[in-house]
Amino acid sequence: MSLKHDIEFTLNGVRQRVTVDAGLNALDMLRDVVGLTGTKYGCGEGECGACTIRVDGQSMNACLMFAVDCDGRSVVTIEGLAADPKADALREAFVEHGAVQCGFCTPGMVMQASHILDTQPHADADAIKRGIEGNLCRCTGYKKIVDAIESACCGGK
Amino acid sequence: MTEIERYAAPTSLDEALGILQQGEVRILAGGTDLMPQSKAGRLALGPTLMNIRRVPELKGVALDGDAIRIGALTTITELLADPLVRQHLPVLAEACDHFASDQIRNAGTIGGNIGNASPAGDTLVPLIVLDAVVELASKPNGSVATRRMPLAEFFTGPGRTKRAANELLTAVRIPLPRAGHVARFYKFGTRPALDISAISIGIAGVVRDGALTDTRVAFGAVAPTPVRAPRTEAALEGKRLDAATIAAAANAARDEVAPIDDVRATAWYRKELIHNMTKRMLDHVAQA
Amino acid sequence: MNVAEKPRFIAPDTLIGQRVQKKDAPEKAAGKTRYIQDMVLPGQLHAKILRSARVHAKILSIDTSAAKALPGVHVVITAADVPDQQPIGVARDHLPLKRDRVRSQRDEIAAVAADSEEIAEAALKLIKVEYEDLPVIADPEDAIKPGAPLIHPEPHGADGKHLHLKPNAPVAFAGKPDNVAMRFDYSHGDVAQAEADSDVVFEDTFKLHYVTHCCMGVSGVIAEFDASGNLLMYSNTQVPFLHKREFAEYLHMDPSRIRIVQPPIGGGFGSKLDIYPFEVICIFLARAAKRPVKMVFTREEEFLASPTRQPVLLTLRSGCKKDGTLTFRQVHTLHDNGAYTSWGATTPFVMMQTFSSLYRVPACDYHTTAVYTNNPYAGSFRGYGNLQATFAIEQHMDMMAEAIGMDPLEFRLKNAQDAGEETGQGMKFKSCGFKECLTIAAERSDYRTKHADNLAARSASGPIKRGIGIASMLHVGGGAKIYPSDGCGTILKLDDFANVTLITGASEIGQGSETVLSQLVCEELGLPISAVTVVNNDTAITPWDVGVHASRTTFIAGNSAIGAARKAKSKILAAAARKHGCDEAELDLRGGFVIKADSGEAVVELARLMRNLHFSDKAELVMTTFYYEPPSVHQDKGFKGDVSAAYAWATQVVEVEVDTDTGIVKMTKVTGAHDVGRVLNRLGIEGQIEGGVVMGQGYALTENLIVENGVTRNPNFRDYKMITAPEIPEMDISFVESMDGEGPQGAKGVGEAPSICIAAAAANAIYNATGVRIFGLPFTPEAVYRALRGRADKPHWQAWKPA
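Protein chains in written order, with this note's numbering: chain P, 1 to 157; chain W, 158 to 445; chain A, 446 to 1248.
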């Protein structure tokens, strides 16, 4: 039986205590142990960004993180963002600009976009494309996603 | 999934080295290489998994005499933004800009990138041409011992380094470049970043009277480890950077490397790229 | 009505052509949408499949005893546990659990249902399989050589003699005497005479590669039997009603006892148009475990076990006269069928249409041989053979134009059809905006000038060469009558608050069908989009639709929804006329009101009228139904006929920068003009086109599923390169609104169109830039570099078809 370890961390503003396998990744912890399925499994290898979360403010691929490394840290998932009024403009921009089709990449995109907004508040289209270079989308061709993030960056169109 | 028998998250270097001394430890920093490698069955996570992210002595970028000391836990994002790196080591910042993705840059560490020892590791080629030196620490006899080694000598094969099992890579030191120092990095790819490169090239040196001196040339992804290219360096050292010198250096580069065929590129193509892009980089240096 | 009220006037408005937000976007942007991967059913078990460790081998033994003994394992099955399993797929050559041999790397040998994914995976590792290797056939050309090992050999009895099964026994049991899976032959006109009349003839072989769908949501299915033995499946199928019937057949069940519910899907693109072994296997597990069983692929499994786009080796002969008139096309193709037959083998249905009818082609001769190998098998993928065909055709168009010294745009315009023409294959072009597409795309991209400038710059110094290339495409835009019906049913109800429930057979696969159907209904009933709820994902509730394929949903489901809406409108206006003492013909619906059509004066609020209708002596609810069958025909045995109710065109001009030192091709701009009949949801259609362009860009430049000796070498995103955001081109998209007479509000289908001619235009652009023409895909840097240095082998296939 693999080693279990207790961790305590803040998840979407709420303190959590969770017991996890020492080798478990943060994505499986969020989806299977905690039960928040908004963060998606796209590849499990850090190549697609569908599992993007924010840890201590930085965006990261949850599939590459060890769950135990969440101990003492602050984690925000799409569910936490969805409840955050500051993120409303971003979400509305995605909807308004047609940046959502099947929607599977969308949670990761929105999480990464929130990081771009925080770190580069005046990012232009080129900087945004670089900013989401780790997020794959098969449906949209990215253009409307970039438009949406750009409009949120400029404080709304 | 490998059996992890013990998980440790030390909060000091001394503590971490003590755990390492007890043997059979897998070191976890950002996890961006360890997690996929362990999932693919290439690395075991146990028996002891040691998370070093909370060891303060491994953090920070600072001037240390005539060198810049970069703590092993410095993330790629931190490197990109660090004023000392941007000012003195722009070629390293540029390599960091072509590293994976923002999400991976935020978690990945320079110590991890070095320790992963991929022949195509993005920071390794610029570090080599910058004459980087690695710092290793251990605690074999109850007190902390350190040693240094040029990074160019640190790699022994794909994923393998001269780090002993009881050693921790604590920092990398880069001598402050002198006046007239130029350095260039090229990573082949169709994407700005999220690519494991088919080849990468680093060139550095001090420009004097239109010639490169103290020439450093290094290639990535054309050998089992990132390598310096002594014959290419010799073709450049002290010679006026004119068309003939550049052509000779590019030819030397192509001849000097013996890459393999793999799913990303064939050996022939890699050699062509090494030739063409060494030439292009040298042309840019000459025109600057 | 209170006579003292001032009369109210409702201004005209329309939803058609507007930028309408996708109805499910807010939920998706908040991460609240529950995809199949997210579903958790109480008591569910997790399933995993043991896939073959060999490419081609006899299965000597399978020992599952250790796996069965692992704590937490409920069921382990192999073919021996399901002796009555039926073969799946169009050629009935594919048993879900393999019995005596494996024929490809992804073959399913055993399956486990356990308490967790971890336990299921551990159980897989405990299953011991003994194989006896068989020679691997990795090349269809080897598979058709005399004496080649057979992929589906006919069974022999113990005496070594052929076992003759009853006639029409499925291929999975009866085998085949050779490795030919399918063949297609088509012709119109006199090709020999046409060739004799030609002044220029080109013959070239084109090689099209493996790519795969890469839906961001991996495949998954959940199966559950209730206490009475009824099957409930949660499935992302694109064809729920077809699958319901097929599953019934495979499971020896009454179709009425099967219900398919479709959770939101993480991408389709044609990957969910066939039944795959994992679905049937999951049902077997659920039956044996008597618990709900959920199976979700890993990404690696998705790459290995999902169908690919059909790889094609084709040799095309094209001819024209020196005045620029096309004379003939003769094409032979070799389709690598893989180990089992899926929809990839039937891509000739579409390819024929392109070869026979993209531009005016007096004579056409088409032959496909699909051949079994030990490679992965191909399925249906957005464009369905049309990308491959167009890649060849549009390169020849440029080559012929150059040979006769004619401007490449002029050459195309000369041969482009107009509305009213009928092609040699019997396709009748009603609305047709082909020439407008060509002209607009060329003008907006400044094609002619750039083409000439780039030619002049070929010999200039510097490693970066610019190129511009043009290509067009033809695809069905009004469905495709290949099944007994190409129709779609709608049930529509209005409630007491004038809210609409639209129950449609058409599935939503992320393409925005829900939103477009709502738009069409709201346009008829004068209601806001927010007034509609769409129900579209439960075979127990929704009326029949053949499925999401052939870019048919807007056209056919749209007309079906309009039909139901118009019936409702008629009923409403008749009731309003009765109540308010006017003539039906004077009335209309607008802005939530019944109005006087000429003045816009409000007569009564629609919601109020609905309540009056409901709560009256002659209580009535407004509920209507409509089944729309498009006026297309089935093709005859010669594949001729007007198979779609409408056809659509697009022209795309692709601009590239080629770095001749590395071979890297950057796609800098794509200018497209699309004949869509009519723009319904401007936001949605732009999104479809932008996404399709980038998918085409990946097909042309970066995506390559590398299969060597039957083994997939890059089953991951690290080495299978999808296009990322920094790589996308600038996109200029125009619409030609040819106003199709049959289409809903004049619209035609567009789902597949934008991917179809990108690679062809890119090939022409690379030639424009460098003078080098490349006949195989993808245009990876190494492939382009080799071609530029003369180190690439030009594909060559001596055209062949079975006697």
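None of these hints come from the bench; they were simulated from the model.
In this text, a Cβ means the ideal position worked out from N, Cα and C, and glycines have one as well.
One should not assume that every hint holds.
Quick list of the computed label-pair ranges, beta carbon to beta carbon [unchecked claim]:
| id | chain 1 | residue 1 | chain 2 | residue 2 | range |
| --- | --- | --- | --- | --- | --- |
| 1 | W | A400 | A | N1159 | 37 to 45 Å |
| 2 | A | N1159 | W | A336 | 42 to 50 Å |
| 3 | W | G314 | A | E1102 | 34 to 42 Å |
| 4 | P | D88 | W | G314 | 26 to 34 Å |
| 5 | W | P332 | A | S904 | 45 to 53 Å |
Verification of the supplied hints:
1. Here the CB-CB span from A400 of chain W to N1159 of chain A is close to 40 Å, well matched to the stated 37 to 45 Å.
2. Checked against the hint of 42 to 50 Å, the pair N1159 of chain A and A336 of chain W passes, with Cβ atoms roughly 47 Å apart.
3. The hinted window of 34 to 42 Å between G314 of chain W and E1102 of chain A holds, with their beta carbons roughly 38 Å apart.
4. Between D88 of chain P and G314 of chain W the Cβ separation comes to about 52 Å, which falls outside the hinted range of 26 to 34 Å.
5. Here the CB-CB span from P332 of chain W to S904 of chain A is close to 47 Å, well matched to the stated 45 to 53 Å.
Hint 4 alone, counting from the list given before, is not met by this structure.
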